[in-house]
Amino acid sequence: MHQDMANVTYQDATRIYPNSDHPAVDRLNLEINDGEFMVLVGPSGCGKSTSLRMLAGLEEVNSGRILIGDRDVTDLPPKDRDIAMVFQNYALYPHMTVADNMGFALKMQNMPKAERNTRVLEAAKLLGLEDFLSRKPKALSGGQRQRVAMGRAIVRQPQVFLMDEPLSNLDAKLRVATRTQIAALQQRLGVTTVYVTHDQVEAMTMGHRVAVMKDGLLQQVDSPLELYDRPANLFVAGFIGSPAMNLIQGKQVEGGVQVGDYVVPIAREILAKANGEETLTIGIRPEAFEVAEQGIGVEVSLVEELGSDTYLYGTLSGLGDDEKFNAQQIVARISARHTGRASGTVRLNSKPELIHVFSNATQERIS
Amino acid sequence: MPRFISAKPDSRLIPLPWGTPLAEWPVELLVALPRGLSRHVVRFIQVGDTVYAAKEVIEHLAQHEYRLLQDLRRLDTPAVEPMGIITERGESGGVPLDPILITKHLQFSLPYRSLFSPGVRQETVLRLLDAMVVLLARLHLIGFRWGDVSLSNILFRRDAGAFAAYLVDAETGELHPSLTDGQRRDDLGIARTNLYGDFLDLQAGGLLQSNLDPLHLVETAIDRYDELWQELTGAEEFSGNELGRIENRVRRLNTLGFDIAELDIQTTPDGERIRIQPKVVDAGYHSRRLMRLTGLDTEENQARRLLNDLDTYRWWTNQQHVDEAVVAHEWLTEVFEPVMEVVPQDLRAKREPAQLFHEVLDYRWYKAQRESREVPIIEAAKGYVHDVLRSLPDEEMSPDVILPVGGRRLVNPYDPSQGYVDEGEEPPHDPWEDGVEEPAQPSSFFDIDALRAKAAGRPAEPAG
Numbered sequence: 001m002h003q004d005m006a007n008v009t010y011q012d013a014t015r016i017y018p019n020s021d022h023p024a025v026d027r028l029n030l031e032i033n034d035g036e037f038m039v040l041v042g043p044s045g046c047g048k049s050t051s052l053r054m055l056a057g058l059e060e061v062n063s064g065r066i067l068i069g070d071r072d073v074t075d076l077p078p079k080d081r082d083i084a085m086v087f088q089n090y091a092l093y094p095h096m097t098v099a100d101n102m103g104f105a106l107k108m109q110n111m112p113k114a115e116r117n118t119r120v121l122e123a124a125k126l127l128g129l130e131d132f133l134s135r136k137p138k139a140l141s142g143g144q145r146q147r148v149a150m151g152r153a154i155v156r157q158p159q160v161f162l163m164d165e166p167l168s169n170l171d172a173k174l175r176v177a178t179r180t181q182i183a184a185l186q187q188r189l190g191v192t193t194v195y196v197t198h199d200q201v202e203a204m205t206m207g208h209r210v211a212v213m214k215d216g217l218l219q220q221v222d223s224p225l226e227l228y229d230r231p232a233n234l235f236v237a238g239f240i241g242s243p244a245m246n247l248i249q250g251k252q253v254e255g256g257v258q259v260g261d262y263v264v265p266i267a268r269e270i271l272a273k274a275n276g277e278e279t280l281t282i283g284i285r286p287e288a289f290e291v292a293e294q295g296i297g298v299e300v301s302l303v304e305e306l307g308s309d310t311y312l313y314g315t316l317s318g319l320g321d322d323e324k325f326n327a328q329q330i331v332a333r334i335s336a337r338h339t340g341r342a343s344g345t346v347r348l349n350s351k352p353e354l355i356h357v358f359s360n361a362t363q364e365r366i367s
Numbered sequence: 001m002p003r004f005i006s007a008k009p010d011s012r013l014i015p016l017p018w019g020t021p022l023a024e025w026p027v028e029l030l031v032a033l034p035r036g037l038s039r040h041v042v043r044f045i046q047v048g049d050t051v052y053a054a055k056e057v058i059e060h061l062a063q064h065e066y067r068l069l070q071d072l073r074r075l076d077t078p079a080v081e082p083m084g085i086i087t088e089r090g091e092s093g094g095v096p097l098d099p100i101l102i103t104k105h106l107q108f109s110l111p112y113r114s115l116f117s118p119g120v121r122q123e124t125v126l127r128l129l130d131a132m133v134v135l136l137a138r139l140h141l142i143g144f145r146w147g148d149v150s151l152s153n154i155l156f157r158r159d160a161g162a163f164a165a166y167l168v169d170a171e172t173g174e175l176h177p178s179l180t181d182g183q184r185r186d187d188l189g190i191a192r193t194n195l196y197g198d199f200l201d202l203q204a205g206g207l208l209q210s211n212l213d214p215l216h217l218v219e220t221a222i223d224r225y226d227e228l229w230q231e232l233t234g235a236e237e238f239s240g241n242e243l244g245r246i247e248n249r250v251r252r253l254n255t256l257g258f259d260i261a262e263l264d265i266q267t268t269p270d271g272e273r274i275r276i277q278p279k280v281v282d283a284g285y286h287s288r289r290l291m292r293l294t295g296l297d298t299e300e301n302q303a304r305r306l307l308n309d310l311d312t313y314r315w316w317t318n319q320q321h322v323d324e325a326v327v328a329h330e331w332l333t334e335v336f337e338p339v340m341e342v343v344p345q346d347l348r349a350k351r352e353p354a355q356l357f358h359e360v361l362d363y364r365w366y367k368a369q370r371e372s373r374e375v376p377i378i379e380a381a382k383g384y385v386h387d388v389l390r391s392l393p394d395e396e397m398s399p400d401v402i403l404p405v406g407g408r409r410l411v412n413p414y415d416p417s418q419g420y421v422d423e424g425e426e427p428p429h430d431p432w433e434d435g436v437e438e439p440a441q442p443s444s445f446f447d448i449d450a451l452r453a454k455a456a457g458r459p460a461e462p463a464g
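The listed protein sequences correspond, in order, to chains G and Y.
Just so you know, the numbering used here puts 54 at position 54 of the first sequence, and the rest follows in order with no gaps.
Just so you know, the numbering used here puts 158 at position 158 of the second sequence, and the rest follows in order with no gaps.
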């Protein structure tokens, strides 16, 4: 429904807070395509919200630039950027109809009534709220209220939607349903959207692409599947995925990486990239593990059956009692037919192409 | 096992049913007090004689708001008092419950919806806006960007003939060392939209007088903010022989209730031109003076009124040469306290002491005009109690009087955000809602197989 959609470009965009010794966002370079749903994700303090707010015009850009389409918006006031912060205002007015709740801000801008009504109706169709337009919001469910709030942003027909943790005020039940609805809606609207969340599951299920940030630095931007299958560094490998990827340190030896009494075979050309580092970290997703004759020894402490899958939790075998106490947990998801063998110590192995190798010196992926 | 984080623990809170979603709490624990609209589940809970506001909200927002409210109190800015956060509330039907933020109910506070009733005077509306404008300017002065300025997020208290405004919702707030003009403008932009919505809603509910135009009210509020901000922070330039203007500026700010803590004065080398600009201004000029002199903790306009009465007393008793603090103590014991003693115990929940004193002074003035004679203060106090106070609603905590608003019944007396009972019919079918009730997986479950299927363009296999 929007005519001139737009891509968003961050060029070396940097934000340094006064009295802070390092940037909150450090030379961010990110190209968000026309109509794309981009999710910024990372732990608290990683710079994701600051990045969004720089685009919104709520944070100063200390160096670098931000463009929407061809327009340099770096120094434009928020209201001139043609963006809409979705869910900035959720409160619904009880005496006003759903239609008025959606369109009242247009009235303030003196938009003619006919155009207002058209826009509200279009938005209501998209949101499945047509039948509710003349009703008061009193009987609306949490999800419907959320959609009316979304409608407030849609009727403005901005070039870019910005959403900062929009699901944070919903209960857990609604969070799952609403994230599907927002993603579907964005798909139909085709409006460039930048979405901030701390929740990697939300990021992975919603975004066309996901930008992972940490300490103000962009770690990796990729499709959810690429992030999952080829994490660029140790941080992304550990952050994306639930349960998380098993990251196991081992000694580099001839032909592989030694973990306990087993050498995980690693291709020669990968080891060649390790610059003779003494130790490397290998990463294996829980579902990449298989119970095998040969493999990494794991002492199983807990078996959990979830539907057709079985989760094994344990620690590397061969550890002393003291070590066990602080040892990292190994998680494996295996299909249920292996359950019989999943007790005591098991050997876990993985297809070579599902083993990720990281340098401990640079934290980067080398496989 | 719920966990309590609190700076001022109240052990009576511990046995409450924290494992139950707030919306399902038994009503015997709740009080239906008037309040604004909220996006979260909010309830007033009563333990003993204390009332707390409880808000169910996601953890990092609860923490954020708790800290900010503490900061606002530390910076002496009118806001509700944070009491604590309850986390780790266990599960209801397998779904973990969000934490609850507890704040203390602000006594004698009135949400705007209870102040609007058909026939509310324009004067009253403008005074409410003025109170909001002062609050917003005070927040901006300390570097607080609110992010959600609206009448629903403010509580009002009577302040002599005017109102004092308190911040209730700091969820979207941010505290900076100082605000840029852009940040302030943006906050005003949000205020404009939200206030417009607030007034349209009152209008739609028939609670706004027909001669009050929502857009005009919003513009008035923004204009008044701009004027106040200019007075508080703007630079002023004048010639070297107009030095009196420095004192004038200080006086004007005092009249507005502000003190200058730091004034920047620059002069040209020849002394021809002078430029002044307040650098640090503090609110509460009169209330701090009254507090210093009498220990009474009041709102700004109440303080102004009481200080005027104190000045009159000093003049009347011919004590201009006596130290002000000594006279103030005498006034407190000879005038203020005897007036309070006239008020029967059971009527004391109707008005705060300072507000009551102010209303007695008003009563005395009108009576004196009418009867063309001096009216002694105690006589006025007795007359006021008999003629006025007795028929006033309780405002300390007043569920019965203020609800229902405009003669309409709330769907849920504990949650005005749900609106009023006025439509009988069944809601239309909403296909979007089908299947919302029971998600297949908890929100933290990440289904990699579904993601792969989606990427390959295949329908996802049923998970599990």
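Since the hints were made in silico from the structure, they are not lab data.
Everything numeric in this text was worked out from a predicted model, so none of it was measured.
Note that the Cβ used here is the ideal one computed from N, Cα and C, for glycine as well.
Errors might be hidden in some of the hints.
[Claimed, not checked] From the derived model, a few chain G residues whose C-beta atoms are all more than 12 Å from chain Y:
id	residue
1	29
2	142
3	203
[Unchecked claim] Facing chain Y, from chain G, some residues (calculated, C-beta under 10 Å):
id	residue
4	205
5	209
6	224
We went through each hint and held it up to the structure:
For residue 29 (chain G), the condition that its CB be more than 12 Å from all CB atoms of chain Y holds, with the nearest at approximately 24 Å. For residue 142 (chain G), the requirement that its beta carbon stay farther than 12 Å from each beta carbon of chain Y is not met, with the minimum near 9 Å. Not every CB of chain Y lies more than 12 Å from the CB of residue 203 (chain G), the least distance being 10 Å, so the non-interface label is violated. Because the closest C-beta pair between residue 205 (chain G) and chain Y is about 7 Å apart, less than 10 Å, the hint holds.
Taking 10 Å as the C-beta contact cut-off toward chain Y, the hint placing residue 209 (chain G) at the interface is violated, the least distance being around 12 Å. With 10 Å as the threshold, the beta carbon of residue 224 (chain G) comes within range of chain Y, its nearest partner Cβ sitting at about 6 Å, so the hint holds.
In summary, the structure is inconsistent with hints 2, 3 and 5 from the numbered list given earlier, while agreeing with the others.
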